[in-house]
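J.: Since the structure of chain A is provided, determine the placement of chain B on it from the hints.
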Amino acid sequence: MFTDRLTLRAWVLMLPLLVVMLAVIGWPLADTVRLSFTDARLVGTGGAFVGVENYTGMLGSRNFRKALVATLTFSVWSVAAELCLGVLVGLLLNQRFYGRALLRALMILPWALPTVVNATLWRLIYNPEYGALNAALTQLGLADSYQSWLGQPGTAMGALIVADVWKNFPLVALIALAALQAVPRDIQAAATSDGANAWQRFRHVTLPYLVGPLMVALVLRTIEAFKVFDLIWIMTRGGPANSTRSLSLLVYQEAFAFQRAGSGASLALVITLIITVLAGAYLALMRRAAGQGG
Amino acid sequence: MKPTRIAALMAATALTGTAAFADTELNALFMAQAAYSEEDIRAMTASFEAANPDVSVTLEFVPYEGLHDKTVLSMGSGGAYDVVLFDVIWPAEYARNGVLVDVSDKITDEMTSGILPGAWTTVDFDGASYGLPWILDTKYLFYNKEMLAEAGVDAPPATWDDLRAAAQKVKDAGLVEYPIAMSWAQAEAAVCDYTTLLSAYGGDFITDGQPAFQTGGGLEALEYMTASIEDGLTNPNSREFLEEDVRAVFQNGDAAFALNWTYMYNLANMGEDSAVAGKVGVVAAPGVSGVSEHSAVNGSMGLGITSTSEHPDEAWDYIVHMTSQPVQNAYARLSLPIWASSYSDPAVTEGQEELIEAAGKGLAVMYPRPMTANYQEMSMALQQGIQEALLGMASPAEALEGAAENSGL
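Sequences listed follow chains A and B, in order.
First residue of the first sequence: 1, per UniProt numbering; consecutive thereafter.
First residue of the second sequence: 1, per UniProt numbering; consecutive thereafter.
Okay, chain A solo, but in the shape it has when bound (with noise of 0.2 Å):
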């Protein structure tokens, strides 16, 4: 009896949220699914009812499967490269040594950097005549001669993925720090007493403290790097020859530059759907691994 007071008046106390919610966040989702099935333009007409026609002829694209392709490419390489790279950062910097505290603030600064400010940044490194990277690289004798690499399909991707884990690997950094400080210092000197060695103490010590943690990590940059729109936008607008346009900037462009509202709203639905998908499959690894630990 007392729970269900209890339980009424949470929900009374949470009504005006939900009310909200349902307005910001519920209409314009439900509004989206109807227009997806609707040949509507942005502005102009209103649309009519087409069937599933935008969700077909979409999903059969040569447009819409490079995309994903391109997408793709970006999420799984820039987000293992952020992983890696986060988690060997939050080891380093979880030693004893002098000057630990600087580091620590300093690797910060480029996930606080705006994406806009990150990837201008980026295009003037890249920058064909007088980027920073063709300065350095044929100084140092590595290339004997500047790089196209935003104007080329070869280098385009790679030069995305390598701006974007730049920003974004400190935040794994962070989050394996955070993890690290949990591990108990007794259970490590009794491993190494017991004649452990470095990679077996990361291995069966330090590891199995760093897997939930990471997890969060990878759900967050997945689901960040999938929808990679202002990195691209910035550098190369999809571009040499759509090499780089992901299904974001597929999205814009058919809603927005050519007004196809209707066949826009579908493809960002099947984008949604497919995060959905993803983020739902780690979920139910970190259950299936918590259950496992516990």
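Read the hints as simulated data drawn from the structure, not as lab findings.
Remember, it's a predicted structure, so these values are computed and weren't measured experimentally.
Treat the hints with care, since some could be wrong.
Among the chain B residues that face chain A by a calculated CB cut under 8 Å, a handful are [unchecked claim]: (1) Asp69; (2) Gly98; (3) Pro236; (4) Arg239; (5) Asp254; (6) Gln376; (7) Met380; (8) Met393.
Calculated from the model, a selection of chain A residues having no Cβ within reach of chain B, i.e. all distances over 12 Å [said to hold, decoys possible]: (9) Val19; (10) Leu42; (11) Tyr55; (12) Thr56; (13) Cys84; (14) Arg100; (15) Trp111; (16) Arg123; (17) Ala135; (18) Gln139; (19) Leu171; (20) Leu207.
If you want the ones that stay clear, here's a sample from chain A, every Cβ over 12 Å from chain B, calculated [as the list claims (entries may be wrong)]: (21) Gly141; (22) Leu142; (23) Gly280.
Beta carbons are placed, not taken as given, at the ideal position from N, Cα and C, and that holds for glycine.
T.: For chain B alone, kept in the frame of chain A given last:
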């Protein structure tokens, strides 16, 4: 008086002050690059506000790449702007979707007779006018006089084949590695350069509603572009250059030739940061022997009133001021006036006689990009095709066939 009372009075003045001086507030959307600078546009607007104390204008600036989408998005969400800057390629789409108001009946006889006939093509669609032309612009061929003299090139190229020959001489003389700089990134800039060449080779974008650029002059244009990269005459980095990159390379003395808009002339020839100041020559873009004398793309822009504006009359007054002959003449170093009589005004021509002469030839042959409501889609398809050919991913013929298929026509 006590300090608190002074503060209260000041607050009251501040609150009523704006209302007393500006009954009407206009919002205007401009772009933040090329031609007039942001400062110039603010100065022009300030002179309008000084003459019309009951109107205040709030300015917003976006890069060219965001101008179209920002305009359309604001319409989709109820309309935030009264006056918008628009590119010559958008009136068809804006007219069909009711973005801009038809202002044909506001245009006076003085405007009709005073403004250059070519300038009107920027704002006219289907027999109606959707604004007034503001930036009259086309792409010119710029050259470094000193380099041409050193390489033994006597006269600036008159044909595109001459340009190749001259560039080869500059390259052979070892003056620069890549003599020509172009803006061929995946952007509208590439389509502008392609249009210039297409017009030189006598091509067509659309014939009877069907894509026609994949054959004839359109194909020859892309073949020329591709060959000039393969021969090492055009800087291969042009494939990621926008106009400002071209200007940087040219004014640092790293190119002998460049295709760019009017604004580059005075910046490169007189700018403090230019290494080639005083050595810059300009001519109308070349032609093709037996086909054309010169070539040019219509890259003009106009100012129009949005259909959601609640103050169309004040908005029109503002547009009339911004496009008026005195304002245009005052800033003629950045963008040439739309008014025919300005070209015989010494105040306008002085110090830029070469540019005025090039303009006389170029503006007369300005070639339009296709007037279609699906222009954005067609342009995107062309950009991809051009890049595929320039990067050697497809032959020019294959690339343009692909672009024709994706053009949405």
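J.: Each hint needs a verdict: does it hold in this structure or not?
T.: Cross-check of the supplied hints:
1. Asp69: holds, 5 Å
2. Gly98: holds, 7 Å
3. Pro236: holds, 6 Å
4. Arg239: holds, 5 Å
5. Asp254: Status holds, d = 7 Å.
6. Gln376: holds, 5 Å
7. Met380: holds, 7 Å
8. Met393: This interface hint holds because 6 Å falls under the 8 Å limit.
9. Val19: The claim holds: valine 19 of chain A sits with its nearest Cβ about 23 Å from chain B, beyond 12 Å.
10. Leu42: Violated: least Cβ distance 5 Å, not greater than 12 Å.
11. Tyr55: Check passes; 19 Å lies beyond 12 Å.
12. Thr56: holds, 18 Å
13. Cys84: holds, 30 Å
14. Arg100: Consistent with the label, arginine 100 of chain A stays out of reach of chain B, its closest Cβ about 41 Å off (over 12 Å).
15. Trp111: holds, 26 Å
16. Arg123: The claim is violated: arginine 123 of chain A sits with its nearest Cβ about 10 Å from chain B, within 12 Å.
17. Ala135: Alanine 135 of chain A is indeed farther than 12 Å from all Cβ atoms of chain B, at 14 Å.
18. Gln139: Non-interface label stands for glutamine 139 of chain A: nearest chain B Cβ at 18 Å, farther than 12 Å.
19. Leu171: holds, 28 Å
20. Leu207: The assertion about leucine 207 of chain A holds, with a minimum of 42 Å to chain B.
21. Gly141: holds, 19 Å
22. Leu142: holds, 19 Å
23. Gly280: holds, 32 Å
Consistency with the previously given hints fails for numbers 10, 16, ordered from lowest to highest.
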